[in-house]
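Between the sequences and the hints, there should be enough to build the whole structure, so can you do that?
Listed below, chain by chain, are the residues.
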Amino acid sequence: MATLTCDIVTPAKKLFTSECHMVVVPGIEGEMGFLVNHAQLMSTLADGTVRVLSDASTVAHRFALQGGYVQVTGDKVIILADRALPVEDIDLDDVRAKISAAEEEISKADDSADKNLAEVNLAWYRILEHAASAN
Amino acid sequence: MPTLHDIKRRINSVTSTKQITRTMEMVSAAKIGAATARVQAALPYAESMAEMLGNVADSAGGTENPLLREHSEVKNVLVIAVVSDRGLAGAFNSEVLRNAEKLIRSNEAQGISSTVVACGKKAISYFSFRGITLDMVFKDLSADPTFEEAQAIALKAIKGYEEGTFDQVILFYNHAKNAAEQVLRQETVLPIDASKLAKDVDPAVTGSSITEEKDPEGDIPGSIIFEPSAEDVLDKLLPAYVNTMIYHALIDSAAGEQGARRNAMKSATDNASDMIDTLNRYYNRVRQGAVTTEINEIVGGAAALED
Numbered sequence: 022m023a024t025l026t027c028d029i030v031t032p033a034k035k036l037f038t039s040e041c042h043m044v045v046v047p048g049i050e051g052e053m054g055f056l057v058n059h060a061q062l063m064s065t066l067a068d069g070t071v072r073v074l075s076d077a078s079t080v081a082h083r084f085a086l087q088g089g090y091v092q093v094t095g096d097k098v099i100i101l102a103d104r105a106l107p108v109e110d111i112d113l114d115d116v117r118a119k120i121s122a123a124e125e126e127i128s129k130a131d132d133s134a135d136k137n138l139a140e141v142n143l144a145w146y147r148i149l150e151h152a153a154s155a156n
Numbered sequence: 009m010p011t012l013h014d015i016k017r018r019i020n021s022v023t024s025t026k027q028i029t030r031t032m033e034m035v036s037a038a039k040i041g042a043a044t045a046r047v048q049a050a051l052p053y054a055e056s057m058a059e060m061l062g063n064v065a066d067s068a069g070g071t072e073n074p075l076l077r078e079h080s081e082v083k084n085v086l087v088i089a090v091v092s093d094r095g096l097a098g099a100f101n102s103e104v105l106r107n108a109e110k111l112i113r114s115n116e117a118q119g120i121s122s123t124v125v126a127c128g129k130k131a132i133s134y135f136s137f138r139g140i141t142l143d144m145v146f147k148d149l150s151a152d153p154t155f156e157e158a159q160a161i162a163l164k165a166i167k168g169y170e171e172g173t174f175d176q177v178i179l180f181y182n183h184a185k186n187a188a189e190q191v192l193r194q195e196t197v198l199p200i201d202a203s204k205l206a207k208d209v210d211p212a213v214t215g216s217s218i219t220e221e222k223d224p225e226g227d228i229p230g231s232i233i234f235e236p237s238a239e240d241v242l243d244k245l246l247p248a249y250v251n252t253m254i255y256h257a258l259i260d261s262a263a264g265e266q267g268a269r270r271n272a273m274k275s276a277t278d279n280a281s282d283m284i285d286t287l288n289r290y291y292n293r294v295r296q297g298a299v300t301t302e303i304n305e306i307v308g309g310a311a312a313l314e315d
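Chains R and C supply the protein sequences, listed in that same order.
Just so you know, we're using the working numbering here: the first sequence kicks off at 22 and counts up by one.
Just so you know, we're using the working numbering here: the second sequence kicks off at 9 and counts up by one.
FYI, nobody ran anything at the bench for these hints, they're computed from the structure.
Keep in mind that the hints are not guaranteed to be accurate.
Computed far set for chain C versus chain R, every beta-carbon distance over 12 Å [claimed, not checked]:
no. : residue
1   : M57
2   : N73
3   : R106
4   : S114
5   : T196
Subject to a maximum C-alpha distance of 30 Å in a straight line, what follows is the list of computed DSSO-like cross-link-like pairs (lysine-lysine) [as the list claims (entries may be wrong)]:
no. : chain 1 : residue 1 : chain 2 : residue 2
6   : C       : K39       : R       : K35
7   : C       : K83       : R       : K34
8   : C       : K147      : R       : K34
9   : R       : K136      : C       : K129
10  : C       : K147      : C       : K39
11  : R       : K119      : R       : K129
12  : C       : K110      : C       : K129
13  : R       : K129      : C       : K164
14  : C       : K167      : C       : K147
15  : C       : K110      : C       : K164
16  : C       : K164      : R       : K119
17  : C       : K147      : C       : K83
18  : R       : K136      : C       : K147
19  : C       : K39       : R       : K34
20  : C       : K185      : R       : K35
21  : R       : K35       : C       : K147
22  : C       : K164      : R       : K35
23  : R       : K129      : C       : K147
24  : R       : K136      : C       : K167
25  : C       : K39       : C       : K16
26  : C       : K147      : R       : K119
27  : R       : K34       : C       : K244
28  : C       : K129      : C       : K26
29  : C       : K26       : R       : K129
For clarity, every value in this text was computed on a predicted model and none was experimentally measured.
Positions of the beta carbon are idealized from the N, C-alpha and C atoms, including for glycine.
This is the structure we're talking about:
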């Protein structure tokens with residue numbers, strides 16, 4: 022059976038590459054699933070979870086991601102994300118601690134640049150929390 | 009004439025300097041690997057981003073994105089200088105700083121004002137010494153730049169450009185051509201050159217591509233589905249592209265810094281070795297001279313007694 026190649030790339034490194042059956046991404050207008058020979062598509066992604074299916078019913082990998090784009094060309098799915106993390110690597114307690122730390126930072130920050138950064142971080146931790154607790 | 013003791017002291021001092029420079033050389037040599045690996049690791053993202061942007065730019069056609077629009081009159085330029093936090097890296101820092109300053113001065117002569125963003129302590133001290141005010145500074149990050157740092161710079165550039173505060177954004181940094189050679193790069197970040205996008209996007213992006221093996225029909229513009237629309241995707245991608253460009257400059261410069269430092273420290277070590285050789289020779293000659301003088305005195309004394 023022809024398979025699909027899925028790449029997940031962040032600015033720091035190529036996080037993941039694998040052959041798979043189907044990839045489900047959180048598109049900006051709703052979830053989208055790609056099988057092999059999908060029409061060429063390019064979309065911005067909402068923050069959320071990507072599911073990589075090794076066959077029709079098995080979710081092999083899940084990734085939480087923030088600020089992503091997806092490009093589909095025939096047998097290849099490339100997901101670019103500002104940040105991405107495998108869901109199984111998320112430490113829920115750690116993330117919750119970071120959420121409260123980030124909230125505190127936002128309330129204290131007076132510099133707008135610091136505040137922006139802290140808010141982006143907070144959003145990222147929320148995504149992680151959501152992804153991990155849905156697991 | 010210096011005494012034997014003086015020369016010995018100089019030899020000792022040069023020897024310990026040599027020890028330091030050699031250690032720094034080895035430290036930099038060890039860091040080059042990691043820094044280069046980081047640049048390599050960032051390549052797939054930059055390439056995919058460039059390719060995506062190329063595709064979208066083709067399809068979106070004459071988009072009115074403010075980041076692509078050239079401002080008719082250039083009144084204020086944002087200059088981003090990326091250098092190191094530390095010296096002892098040869099001409100690494102001064103090259104970037106001198107060229108950035110030259111641009112700022114020549115713009116000044118034409119009545120164009122400049123806003124300067126400095127990355128690296130060396131840039132901060134250089135510009136403040138010359139009376140150029142800095143708008144935004146980043147320090148203690150040059151060896152280990154973060155994507156967040158790049159985002160903060162990009163955010164400022166994009167916001168300023170959209171609001172019309174800046175009419176051009178120019179980036180100066182050292183590109184690590186290979187472990188031994190660094191090349192100064194001057195890039196115009198904004199406005200983004202739309203004609204360049206369609207083809208090869210970023211000169212910094214070369215090498216193998218993860219997107220190379222794509223279907224031949226993948227190149228036909230207009231056959232791609234965009235969600236929500238080509239314009240929306242483009243609006244999202246352009247700021248991210250600016251981020252990527254700046255991040256790439258930061259890590260490239262970090263890799264270049266290690267290379268430049270290794271070279272500088274290597275020649276410093278070589279020079280110290282030469283100097284030690286010369287001093288040793290001089291030391292021996294002076295010692296020999298002293299011995300000869302002493303013998304002469306003894307012989308002279310003995311001859312005087314015989315008479």
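A quick look at each hint next to the structure:
no. : hint               : verdict
1   : M57                : violated (6 Å)
2   : N73                : holds (14 Å)
3   : R106               : holds (29 Å)
4   : S114               : holds (30 Å)
5   : T196               : holds (21 Å)
6   : C:K39 with R:K35   : holds (21 Å)
7   : C:K83 with R:K34   : violated (38 Å)
8   : C:K147 with R:K34  : holds (24 Å)
9   : R:K136 with C:K129 : holds (24 Å)
10  : C:K147 with C:K39  : holds (19 Å)
11  : R:K119 with R:K129 : holds (15 Å)
12  : C:K110 with C:K129 : holds (19 Å)
13  : R:K129 with C:K164 : holds (22 Å)
14  : C:K167 with C:K147 : holds (22 Å)
15  : C:K110 with C:K164 : holds (23 Å)
16  : C:K164 with R:K119 : holds (26 Å)
17  : C:K147 with C:K83  : holds (28 Å)
18  : R:K136 with C:K147 : holds (19 Å)
19  : C:K39 with R:K34   : holds (18 Å)
20  : C:K185 with R:K35  : holds (22 Å)
21  : R:K35 with C:K147  : holds (27 Å)
22  : C:K164 with R:K35  : holds (27 Å)
23  : R:K129 with C:K147 : holds (22 Å)
24  : R:K136 with C:K167 : holds (16 Å)
25  : C:K39 with C:K16   : violated (35 Å)
26  : C:K147 with R:K119 : holds (25 Å)
27  : R:K34 with C:K244  : holds (21 Å)
28  : C:K129 with C:K26  : holds (26 Å)
29  : C:K26 with R:K129  : violated (49 Å)
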